[in-house]
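Student: Sequence:
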Amino acid sequence: MTFNIDNIRSRFPALSGGYIFADNAGGSQCTGTVIDSIVDYLTNSNVQLGADYSIGVRSTNRVALGPIATSFLVNASSPSEIIFSNSSTQLAENLARALEAKISSQDEFITTLEHETNVGPWHRLAQRTKCKAHLWRPSILEANNGREENKYAVGYDIKNLIPLLNAKTRLVAISACSNILGHFTDVKEVVKTIRQVVQEKSGGQGKVEVVVDCVAYAPHRRIDVQDWDVDYAFFSYYKVYGPHCAAMYIRQSSMQNSLQSIAHYFINDPANQFQLGGPGYELTYSISWVLQYLMAISRPSLDQGVSPEKLLGSKDMENALPILDSSFSLIESHESLLVQRLLSFLTSQRQWDRGIRIVGSDKPDRRAPTISFVVTVGKNGEPAMRSRDVVNAVDKLGGIGIRFGHFYAARLIDALGLPPDDGVIRVSLVHYNTLDEVDRIIKALQSVILTE
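If you count by our numbering, then the sequence shown holds residues 3 to 454, one letter each, in order.
Honestly, I wouldn't trust all of these hints.
[Claimed, not checked] DSBU-like, lysine-lysine: derived pairs with alpha carbons at most 30 angstroms apart:
1) 365 x 153
2) 153 x 381
3) 134 x 209
4) 398 x 381
5) 194 x 170
6) 190 x 161
7) 170 x 203
8) 194 x 161
9) 134 x 190
10) 194 x 104
11) 194 x 209
12) 194 x 132
[Stated by the list, open to error] Here are the in silico distance ranges between beta carbons for each label pair:
13) 266 x 60: 24 to 32 angstroms
14) 151 x 191: 22 to 30 angstroms
15) 149 x 45: 55 to 63 angstroms
16) 56 x 339: 48 to 56 angstroms
17) 66 x 246: 14 to 22 angstroms
18) 303 x 335: 15 to 23 angstroms
19) 56 x 270: 23 to 31 angstroms
20) 335 x 81: 27 to 35 angstroms
In case anyone wonders, no lab produced these hints; they're calculated from the structure.
Bear in mind the structure is a predicted one, so any value in this text is a computation, not a measurement.
Note that the Cβ used here is the ideal one computed from N, Cα and C, for glycine as well.
Between the sequences and the hints, there should be enough to build the whole structure, so can you do that?
Tutor: Laid out in structure tokens, this is it:
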């Protein structure tokens with residue numbers, strides 16, 4: 003079983019033009035099958051769901067594939083635990099509204115400083131319900147290679163989370179992967195610690211739920227909500243090779259015991275009580291092709307005219323998780339090469355002396371190919387460079403798309419002492435990027451930062 007990069011790239015029409023897409027954490031490219039399925043749905047099944055006539059039955063069956071496919075992708079126990087919306091931001095805000103009736107002024111929340119999607123809703127809910135909201139702040143990592151401390155090399159230490167937990171802790175909101183720091187969180191271990199500490203401090207009477215932002219994680223690793231033991235998790239399909247929509251997992255027991263419907267009063271279906279209005283039907287259908295694509299990475303036979311309708315009803319789904327694990331293992335192996343190549347350049351002694359500092363860990367293990375950095379004053383007095391200026395200069399060279407900014411993690415940027423309107427330079431890659439593309443990015447950065 004090998005990773006065929008040429009075959010992978012052939013699945014993405016946008017890659018045929020030679021442009022280097024290196025802003026994938028902001029949105030990945032779509033597979034051709036996803037694009038075609040949207041056109042197919044709008045052409046052949048674009049009617050309201052639930053009707054008894056033939057086209058209505060077809061549309062209903064097609065849209066039903068979305069939650070089924072997503073339940074496999076995140077290992078939910080049932081498709082009824084999956085809801086959709088236009089964005090992860092909307093899903094998180096809806097979740098906060100649905101939780102509000104069951105929150106008291108005695109409850110406490112904990113959030114990180116990551117993407118505002120999984121921070122802002124909980125702080126606003128705390129204000130509305132007059133409960134406390136605490137911040138799990140990142141701390142400085144150990145210096146590497148005998149160099150002086152890099153104040154931007156930060157990460158989340160579970161030792162700093164534990165003191166924030168107590169008998170009143172009602173909800174903890176974390177990220178499976180930082181969209182700036184690029185580091186993967188050991189979600190299973192963090193959740194286990196949260197539950198153990200809260201139960202110990204509450205004498206076994208505490209109720210704590212965990213919501214996980216998987217947006218920056220989902221393109222690179224398989225989400226496993228059951229293994230992680232989380233209550234809520236969400237991600238955006240447009241960052242996982244699909245269309246502009248987002249999905250959320252809600253544990254069945256949480257639907258029943260923790261949430262209050264925010265939908266029309268006569269809606270009785272549990273999932274639809276938290277999914278306001280109908281999701282984009284053509285988009286919901288198209289995401290079933292994302293699952294088909296991901297499984298086909300390690301099982302090429304599934305790429306031979308196997309539609310989601312056939313796939314989801316086949317015996318292959320009995321082995322869906324092992325197949326997905328194999329696919330993501332291939333993705334991980336390839337992406338690790340991209341990470342090593344780019345980090346090797348950015349962390350070299352020459353670049354260190356020039357003033358390049360990685361934001362987050364400079365170690366290649368346990369990280370996504372989402373790499374952020376800043377350019378500070380060099381050892382020999384070379385001037386610092388604004389992130390905006392570096393990216394604009396790369397833009398002028400043409401052919402490469404990278405980005406600067408706070409990437410909606412404004413609290414983290416502020417904590418790092420960086421200007422919010424400038425932030426960091428971020429190169430974010432996925433498995434369809436190549437080592438040759440990384441080399442071209444490095445060459446562009448060299449010419450811009452004047453390290454030659």
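Student: Give a verdict on every hint.
Tutor: Okay, the hints, checked on the actual structure:
This hinted pair checks out: residue 365 and residue 153 have alpha carbons roughly 15 angstroms apart, not beyond 30 angstroms. Taking the CA atoms of residue 153 and residue 381, the gap is about 16 angstroms. The hint holds against a cut of 30 angstroms. At most 30 angstroms may separate the alpha-carbon atoms for a hinted pair to count; residue 134 and residue 209 meet this at roughly 16 angstroms. Proposed proximity of residue 398 and residue 381 is supported: the alpha carbons are some 27 angstroms apart, at most 30 angstroms.
Simply put, residue 194 and residue 170 have alpha-carbon atoms about 17 angstroms apart, close enough for the 30 angstroms limit, and the pair holds. Restraint check for residue 190 and residue 161: the C-alpha separation of about 15 angstroms stays at or below 30 angstroms, so the hint holds. For the hint pairing residue 170 with residue 203, the CA-to-CA distance comes to about 9 angstroms; that is within 30 angstroms, so the pair holds. Taken as a hint, the residue 194 and residue 161 pair is honoured in the structure, with Cα atoms around 13 angstroms apart against an allowance of 30 angstroms.
For the hint pairing residue 134 with residue 190, the CA-to-CA distance comes to about 25 angstroms; that is within 30 angstroms, so the pair holds. The hinted pair formed by residue 194 and residue 104 meets the criterion: a straight-line CA distance of about 23 angstroms does not exceed 30 angstroms. At most 30 angstroms may separate the alpha-carbon atoms for a hinted pair to count; residue 194 and residue 209 meet this at roughly 14 angstroms. Under the criterion of a C-alpha separation no larger than 30 angstroms, the hint pairing residue 194 with residue 132 is consistent with the structure, at around 28 angstroms.
A C-beta distance of roughly 26 angstroms is found between residue 266 and residue 60, which places it inside the suggested range of 24 to 32 angstroms. At roughly 26 angstroms, the beta-carbon separation of residue 151 and residue 191 lies within the given 22 to 30 angstroms, and the hint holds. With their beta carbons about 59 angstroms apart, residue 149 and residue 45 fall inside the hinted range of 55 to 63 angstroms. At roughly 50 angstroms, the beta-carbon separation of residue 56 and residue 339 lies within the given 48 to 56 angstroms, and the hint holds.
Roughly 20 angstroms separates the CB atoms of residue 66 and residue 246, a value that falls within the hinted 14 to 22 angstroms. Between residue 303 and residue 335 the CB atoms are about 21 angstroms apart, so this pair conforms to the stated range of 15 to 23 angstroms. A C-beta distance of roughly 27 angstroms is found between residue 56 and residue 270, which places it inside the suggested range of 23 to 31 angstroms. Evaluation of the 27 to 35 angstroms hint for residue 335 and residue 81 yields a pass: the beta carbon distance comes to about 31 angstroms.
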